[in-house]
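Trainee: Residue numbers (the numbering used here): 2 to 120.
By construction, these hints were calculated from the structure, which means they are not laboratory data.
Beta carbons are placed, not taken as given, at the ideal position from N, Cα and C, and that holds for glycine.
Accuracy of the hints is not assured; some may be wrong.
Derived pair list, reagent style DSBU-like, types lysine-lysine, alpha-carbon separation capped at 35 angstroms [what the hints assert, rightly or not]: (1) K117 - K61; (2) K23 - K111; (3) K6 - K93; (4) K6 - K107; (5) K107 - K19; (6) K6 - K19; (7) K13 - K117; (8) K107 - K12; (9) K19 - K111; (10) K23 - K13; (11) K23 - K6; (12) K19 - K93; (13) K111 - K13; (14) K107 - K23; (15) K107 - K93; (16) K61 - K111.
Derived CB-CB ranges, DEER-like [stated by the list, open to error]: (17) S118 - E9: 11 to 21 angstroms; (18) E30 - S118: 44 to 54 angstroms; (19) G72 - K19: 18 to 28 angstroms.
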Amino acid sequence: MHRFKELEIWKKSRIFCKDIYKITADFPEVEKFGLVNQLRRASISVPSNIAEGASRESPKEFSRFLEIAMGSCYEIETQILISNDPGLIEAKNLETLQAELESIIKMISKFRSIVKSRV
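Starting from the given sequences, assemble the full structure and let the hints guide the process.
Mentor: Structural data, given as structure tokens:
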């Protein structure tokens, strides 16, 4: 069992979630129940699954929740690229989000390898 609040991937994914909220606040009202909702839910899913996995007794279960968090990261990546197509995200914001997301993906992947080795 891990103390999720001490995990850097949890901290970083929470900050990323806040960034998603800031950027989607500028999306048009018509996207409120579309891309805004999807992006926010997927971004919330990342730290939430890390926290839930940390509460599990077995490394195998924790690894599974990290896998789900990783899937949410790829969902977010797809959604920000789709948001960029009609110009809903500025190029500089897109680059920043992609860099942050890539860093989180790498951290989750590395941490998941460590957790899986304890099975």
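Trainee: Next, verify each hint and record whether it holds.
Mentor: Now for the hints, and whether the structure bears them out:
At roughly 6 angstroms between alpha-carbon atoms, K117 and K61 fall within 35 angstroms of each other, so this suggested pair holds. For the hint pairing K23 with K111, the CA-to-CA distance comes to about 28 angstroms; that is within 35 angstroms, so the pair holds. For the given pair, K6 sits about 30 angstroms from K93 by alpha-carbon distance, which is consistent with the 35 angstroms threshold. In summary, the hint linking K6 to K107 is supported, as the alpha carbons are separated by about 19 angstroms, within the 35 angstroms threshold.
Straight-line distance between C-alpha atoms of K107 and K19 comes to about 19 angstroms, which keeps the hinted pair within the 35 angstroms bound. Distance hint between K6 and K19 is fulfilled; the C-alpha atoms sit about 16 angstroms from each other, no more than 35 angstroms. Between K13 and K117, the direct Cα distance comes to roughly 21 angstroms. Compliance with the 35 angstroms bound is thereby established for this hinted pair. As the CA atoms of K107 and K12 are separated by approximately 14 angstroms, the hinted pair is consistent with the 35 angstroms bound.
Restraint check for K19 and K111: satisfied, since their Cα atoms lie roughly 23 angstroms apart, inside the 35 angstroms limit. Our distance criterion of 35 angstroms between C-alpha atoms is met by K23 and K13, whose separation comes to about 15 angstroms. Between K23 and K6 the CA atoms are separated by roughly 22 angstroms; this keeps the pair inside 35 angstroms, and the hint holds. Pair hint K19 plus K93 holds up; C-alpha atoms about 17 angstroms apart against a cutoff of 35 angstroms.
A hinted pair counts as satisfied when its Cα atoms are at most 35 angstroms apart, and K111 with K13 qualifies at roughly 15 angstroms. Distance check on the hinted pair: K107 and K23 sit about 23 angstroms apart at the alpha-carbon level, within 35 angstroms; holds. Pair hint K107 plus K93 holds up; C-alpha atoms about 21 angstroms apart against a cutoff of 35 angstroms. As the CA atoms of K61 and K111 are separated by approximately 15 angstroms, the hinted pair is consistent with the 35 angstroms bound.
Here the CB-CB span from S118 to E9 is close to 18 angstroms, well matched to the stated 11 to 21 angstroms. Checking the proposed 44 to 54 angstroms range against E30 and S118 shows it holds: the Cβ atoms sit about 48 angstroms from each other. Evaluation of the 18 to 28 angstroms hint for G72 and K19 yields a pass: the beta carbon distance comes to about 21 angstroms.
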